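Engineer: Which chain is which? The protein sequence lines are A and B, in order.
Once you know that position 45 of the first sequence is 47 in the working numbering, the rest is easy, because the numbers rise by one and skip nothing.
Once you know that position 104 of the second sequence is 129 in the working numbering, the rest is easy, because the numbers rise by one and skip nothing.
Certain hints may be false.
Stated by the list, open to error - Chain B side only, calculated, beta carbon under 8 Å to chain A, not exhaustive:
| hint | residue |
| --- | --- |
| 1 | 34 |
| 2 | 35 |
| 3 | 39 |
| 4 | 80 |
| 5 | 86 |
| 6 | 89 |
| 7 | 90 |
| 8 | 96 |
I should point out that these hints are in silico values taken from the structure, not numbers from a laboratory.
Computed from a predicted structure; not experimentally measured.
Don't be surprised by glycine CBs; every beta carbon is placed ideally from N, CA and C.
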Amino acid sequence: MVEDIHPPHADAELIAQAKAGQIEAFGELYQRYLDPIYRYIRIRVAEDTIAEDLTELVFLRAFEVLDRYKERGSPFSAFLYQVARNLLVDHYRQRKREVPLEAADEIAVTDSNIDEHVIRSARIEMLKHALADLRPDYQEVIRLRVVLALPTATVAEWMGRSEGAVRVLLHRALNSMRKRLVEGDEGDESLRS
Amino acid sequence: MNRSEVEILDNGLSRIQSDEVKTEDFLQEFPEHEGTLGVLLGLAEEIRAHLTPVGPDDDFVSTSPARILNLLRAKRKVAHKRERRWAWRPKWPLKLAWRPAYLLITALLAIGILGTTAGVAWASTGALPGDNLYGVKRSIEEARLVLTWTATGDAALLAGFADERLNEIEALLAVGREDDIRLPLAGYEDLLTRLLEVAEEAQHSGKPGSLEHLQTSLTQNIRTLERVQAQVPFNAQEAIRSAIEQSNHGREVIEYIRQGGHPSDIAPGQLKKTPDRPSGGPGDHGGGQPATKTPKPKPTKDKTQKP
Chain A
3 MVEDIHPPHA DAELIAQAKA GQIEAFGELY QRYLDPIYRY IRIRVAEDTI AEDLTELVFL
63 RAFEVLDRYK ERGSPFSAFL YQVARNLLVD HYRQRKREVP LEAADEIAVT DSNIDEHVIR
123 SARIEMLKHA LADLRPDYQE VIRLRVVLAL PTATVAEWMG RSEGAVRVLL HRALNSMRKR
183 LVEGDEGDES LRS
Chain B
26 MNRSEVEILD NGLSRIQSDE VKTEDFLQEF PEHEGTLGVL LGLAEEIRAH LTPVGPDDDF
86 VSTSPARILN LLRAKRKVAH KRERRWAWRP KWPLKLAWRP AYLLITALLA IGILGTTAGV
146 AWASTGALPG DNLYGVKRSI EEARLVLTWT ATGDAALLAG FADERLNEIE ALLAVGREDD
206 IRLPLAGYED LLTRLLEVAE EAQHSGKPGS LEHLQTSLTQ NIRTLERVQA QVPFNAQEAI
266 RSAIEQSNHG REVIEYIRQG GHPSDIAPGQ LKKTPDRPSG GPGDHGGGQP ATKTPKPKPT
326 KDKTQKP
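Bound conformation, chain A alone (with noise of 0.2 Å):
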């Protein structure tokens, strides 16, 4: 998923040639980017079907406000990026309710113990818990950068931030996780006892 980001001089000839009308240029620049942008929205929806919709949507919407888009180290990735979002809101808005992670864990589960399986969904959900806890720059920097493998300069560059800062956040935003974890934990042999 990593070396799905290309360069950005890689996308500066196709991204011309789609502002000039070559419909043809933006289809290649859809199938390069398909993938993270896919896996990004579908950590944050609750099922196949609406993450696919979303996905073409945010091309579609990236095509009609393409114009917009500079290439001023700001890669292309880092517009589908804010696009996605911003539709992201707008789903949330009509739904009136956030399933990020709900549905991600259905789908990672393959094991076919049942023991296993249910072990593993209870972890799940307290790692779906302690994320939701989080600020939600830590639950982006964590998805971003952890669950979807993005490199630190893309996530940067699509958090609008620098790199150090970014390294920093992941930091906090992961021991914030372990301490409301350990807390989860904790509270559980409480209970126990």
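Guided by the hints, dock chain B onto chain A, whose structure is given.
Structural biologist: Below, chain B without anything else, positioned relative to chain A:
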């Protein structure tokens, strides 16, 4: 947290995610940070293992690009069609109408139209019966009458227009167009009738001496008609004589009104018309015997008056 630990964590995460190194091998490179980094890298690995979503479905990957491109092509076709449909419309913003160039053009057009209208009106002032602009001239006179609000104004205009009819007759005779004098002559008599209709109201509402001015004007008109009578052919002289008689009658009616009488009190024929007789010398202004003495106004109806 120190700066090196932050950078080591990020570096380790990148190398582990790219399968360059395993977590335990990486931690052995930094034994001083093994405790803290081990926990954080372990958590990151667990998060990724449990929460990473599956990629897009193969069917979606194969069909979605074509679907998107077809949709974009369809939208572009609709947009082009819309542009062609409205291509003829000038894309002028409303505020363009206020640009100096357009204001100047509008002003020039307005001036041109007004100037043309004024020019036609001016050119019509010298028009004679039978000329193309004579109708414009008469229309302008009627418009001026409509625009006056007082009886005095009406009376003055009517007297002036009557004078103009006689001027036209003289002008026609000067150019040998005797056949065209019947129209202005008829117009003169019509104006005289209308003048007498407003004379009483002008006496009561107008400026003092307005009727005296009308009498003077009629006296001059009679002189003009007598002059014309000597120039017209024999078959037109009867018409001129009739106009002279009517002018005399008008002068008498105005005198009656000046003395406080009402034209409605005058029975037809009571104000004796001047008898037919050849035109006399300078002293003969009525074309006959001097006008009979006008009866004094009586408060009650005179039974001797016959309808």
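Engineer: Restraint: residue 89 of chain B near chain A, CB-CB cut 8 Å. Satisfied or not?
Structural biologist: 6 Å, holds
Engineer: Against chain A, run the beta carbon of residue 86 of chain B and see if the smallest gap drops under 8 Å.
Structural biologist: Hint holds; residue 86 of chain B Cβ to chain A Cβ min 7 Å, cut 8 Å.
Engineer: With chain A as the partner, please determine if residue 39 of chain B meets the hint condition of a C-beta pair closer than 8 Å.
Structural biologist: Holds - the Cβ of residue 39 of chain B comes within 8 Å of chain A, reaching about 7 Å at its closest.
Engineer: Would the stated hint for residue 80 of chain B survive a check requiring a Cβ distance to chain A of less than 8 Å?
Structural biologist: 6 Å, holds
Engineer: Hold the hint about residue 35 of chain B up to the distance rule: shortest CB distance to chain A must be less than 8 Å.
Structural biologist: Status holds, d = 4 Å.
Engineer: Does residue 90 of chain B hold up as a contact with chain A if the rule is Cβ-Cβ below 8 Å?
Structural biologist: Nearest chain A Cβ about 5 Å off; hint holds.
Engineer: Please check whether residue 96 of chain B passes as an interface residue: C-beta within 8 Å of a C-beta belonging to chain A.
Structural biologist: 7 Å, holds
Engineer: Given a cut of 8 Å on the nearest C-beta pair, is the interface hint for residue 34 of chain B held or broken against chain A?
Structural biologist: OK, holds: residue 34 of chain B within 8 Å of chain A, min 6 Å.
In the structure shown, no violation is registered for any of the earlier numbered hints.
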